[in-house]
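Undergrad: Here is what each chain is made of, one letter per residue.
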Amino acid sequence: MTTDKRTQPERSIATYLRRNWFWLAVNFAAALPLLVLLRDFAQDNLGVDPINTINNATGRASIALLLLSLAATPLHTAFGFRRGLTVRKSLGLWAFVYASFHLLNFVGLDYGFDVQFLLQDALLNKPYIVAGLVALLILLPLAITSTRGWMRRLGRNWKRLHRLVYAAGVLAVLHFLWQAKAAERGEPLLYGLALALLLFVRIPAVRQRIVALRQRITGAPPQPVRRTPAKSTRQAANGAD
Amino acid sequence: MQKIRSSEITPEQVYLNRRKFMVTAGSLATGALALAACNTGFPTSTGTLTSSGNAGSADVGAAVAPEVAASDQPRLMQLLGQEAFPPALASMEPVAGAAADELGDPLNSFQEIVNYNNYYEFSTNKEVVAKEAQVFTPAPWQVEVTGLVNQPTTFGLEDLYSRFTQEERIYRLRCVEAWSMVIPWVGFSLGDLLRAVEPTSAAQYVKFTSILRPEEMRGQRSNLLDWPYREGLRLDEAMHPLTIIATGMYGRPITNQQGAPLRLVVPWKYGFKSIKGIVKIELTDTIPESTWQSAAPNEYGFYANVNPQVDHPRWSQASERRIGEFGRRPTLMFNGYEEEVAGLYAGMDLSRSF
Numbered sequence: 001m002t003t004d005k006r007t008q009p010e011r012s013i014a015t016y017l018r019r020n021w022f023w024l025a026v027n028f029a030a031a032l033p034l035l036v037l038l039r040d041f042a043q044d045n046l047g048v049d050p051i052n053t054i055n056n057a058t059g060r061a062s063i064a065l066l067l068l069s070l071a072a073t074p075l076h077t078a079f080g081f082r083r084g085l086t087v088r089k090s091l092g093l094w095a096f097v098y099a100s101f102h103l104l105n106f107v108g109l110d111y112g113f114d115v116q117f118l119l120q121d122a123l124l125n126k127p128y129i130v131a132g133l134v135a136l137l138i139l140l141p142l143a144i145t146s147t148r149g150w151m152r153r154l155g156r157n158w159k160r161l162h163r164l165v166y167a168a169g170v171l172a173v174l175h176f177l178w179q180a181k182a183a184e185r186g187e188p189l190l191y192g193l194a195l196a197l198l199l200f201v202r203i204p205a206v207r208q209r210i211v212a213l214r215q216r217i218t219g220a221p222p223q224p225v226r227r228t229p230a231k232s233t234r235q236a237a238n239g240a241d
Numbered sequence: 242m243q244k245i246r247s248s249e250i251t252p253e254q255v256y257l258n259r260r261k262f263m264v265t266a267g268s269l270a271t272g273a274l275a276l277a278a279c280n281t282g283f284p285t286s287t288g289t290l291t292s293s294g295n296a297g298s299a300d301v302g303a304a305v306a307p308e309v310a311a312s313d314q315p316r317l318m319q320l321l322g323q324e325a326f327p328p329a330l331a332s333m334e335p336v337a338g339a340a341a342d343e344l345g346d347p348l349n350s351f352q353e354i355v356n357y358n359n360y361y362e363f364s365t366n367k368e369v370v371a372k373e374a375q376v377f378t379p380a381p382w383q384v385e386v387t388g389l390v391n392q393p394t395t396f397g398l399e400d401l402y403s404r405f406t407q408e409e410r411i412y413r414l415r416c417v418e419a420w421s422m423v424i425p426w427v428g429f430s431l432g433d434l435l436r437a438v439e440p441t442s443a444a445q446y447v448k449f450t451s452i453l454r455p456e457e458m459r460g461q462r463s464n465l466l467d468w469p470y471r472e473g474l475r476l477d478e479a480m481h482p483l484t485i486i487a488t489g490m491y492g493r494p495i496t497n498q499q500g501a502p503l504r505l506v507v508p509w510k511y512g513f514k515s516i517k518g519i520v521k522i523e524l525t526d527t528i529p530e531s532t533w534q535s536a537a538p539n540e541y542g543f544y545a546n547v548n549p550q551v552d553h554p555r556w557s558q559a560s561e562r563r564i565g566e567f568g569r570r571p572t573l574m575f576n577g578y579e580e581e582v583a584g585l586y587a588g589m590d591l592s593r594s595f
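Residue numbers (our numbering), protein chains in the order written: chain A, 1 to 241; chain B, 242 to 595.
Simulated from the structure, these hints should not be mistaken for laboratory data.
Every residue, glycine too, gets a C-beta built ideally from N, C-alpha and C.
Among the hints, a few may not be true.
[What the hints assert, rightly or not] In silico DSS-like cross-links for lysine-lysine, where the CA-CA straight-line distance does not exceed 27 Å:
id : chain 1 : residue 1 : chain 2 : residue 2
1  : B       : K521      : B       : K372
2  : A       : K126      : B       : K521
3  : A       : K181      : B       : K367
4  : A       : K181      : B       : K372
5  : A       : K126      : A       : K181
6  : B       : K367      : B       : K521
[Claimed, not checked] Non-contacting residues of chain A with respect to chain B, defined by C-beta distances greater than 10 Å in every case (computed):
id : residue
7  : V48
8  : N52
9  : G112
10 : N125
11 : P127
12 : Y128
13 : R152
14 : K181
15 : I217
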């Protein structure tokens, strides 16, 4: 087949979009809360208490994206949803990005980098802040080592290290729950329930049952994840599952 | 030229605070952290509190920005008409007798105050309450003052407006959530009202009850809290000259989202003590149970005095964020009213009686 040099770039973009539309769409959706905040900031529309608005938006986005990242593997196990695996790493990285903005807003805008208040108020007195901080400190090395290079360098330890994401999830939910008022625990409890479910289905015995059930229903085992060189940077197929 | 209603013009404070936010955020972005500068107060102009002057509606026509419809006339004013209110409440535009509190801290703007409300009867989202509260009908209204009194009386709004002096009180409001505002309330002394019904010698406490009207208060259709909202004070706290029933703010009738038409204000206590939409005031000889106390007894006490040394079980109360500012300011003992009210609690262990 002859190659038409003028149409090739378009064709390759089309191919790229066809192959990666899900990854692109999920990443765009994950960026939306940040884009909305930036738009509201530009339009001076962050409300009476901008610090609180930023705090809630970034915190909520971070937890939700972390939970979605943790949902990728079980969705594949239970329903054979393979596309989910292609965005698992992205979702985790976005969760880290939002958590970082969340902390920066707290330390900078809320506390004005006042070390004394931060120590006295936040670090020594508020367990929920410690929980959130530890969750972020856990996500930091996971974000750094999320590249192919680090996966290769760490080998089997990469998977061990990245299992810490479960602890980060638990701490993030605790952080949300602890700061909520008695009348407002519904939402954090809902996240907690989702997290509990996502951790439950990872118990080997439970996981095996799900796989067996799925085989009985579909009559075929779930396809093992292929790692083709072209897409492998996004697949992170040997993630902490 | 299209006429711009003055209510659509961004009040100076909002404008200035926004400028402050943009400037601060900008300096943050460039790494020039001039945050301390944001804590500088506006020039002080305390002085006698009158209802004249027009501090709230400065000419900043260039800064027109979309505002919540709550900036329009308070519902009370719409229902009763301007002529129903005494002069201290009859202003058509936000006005205050001074630009700052006695500590020199500037008033929060009308827009900030009426768009940031904790009123779970309408919503748990502080910035949505203003909108949800628009359907509420604050007049006609009656409040029953009863219990251990010689002259139990049911007052209508017109009785309260005419019998008791309505005056401006510029108070700090410190929320238990660690944010604060400076608000130019208009109201009358609760002590005056209680004296009018002649408490008996057995009366020791005052119990307040909010209105129960789920058809107009959508938050009451859920069981978030045990409705109707209830609060209580010791009789001496209720009789204290600083304690008022607010009927207005910024020289106008009080807005629905702030607890129209009658709302308690006890400036040295956390905001949740300042019960809104009061329909019943009852003098008792037993300590009244407050709604938040019964919802979470380990977190909310009967006294709820602002106290930087006594932390909420889950967070510190040592500092607070003034709405419109960046960074934190230290929380003052009894919210800065220590000189006036500390005597009420002489000899008490405030970490136990929190």
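Undergrad: Could you run down the list of hints and mark each one as holding or not?
TA: The hints, checked one at a time:
no.	hint	verdict
1	B:K521 to B:K372	holds, 26 Å
2	A:K126 to B:K521	violated, 38 Å
3	A:K181 to B:K367	holds, 14 Å
4	A:K181 to B:K372	holds, 22 Å
5	A:K126 to A:K181	holds, 14 Å
6	B:K367 to B:K521	holds, 25 Å
7	V48	violated, 4 Å
8	N52	violated, 8 Å
9	G112	violated, 3 Å
10	N125	violated, 4 Å
11	P127	violated, 7 Å
12	Y128	violated, 6 Å
13	R152	holds, 36 Å
14	K181	violated, 8 Å
15	I217	holds, 39 Å
Hint violations for this structure: numbers 2, 7, 8, 9, 10, 11, 12 and 14, all remaining hints satisfied.
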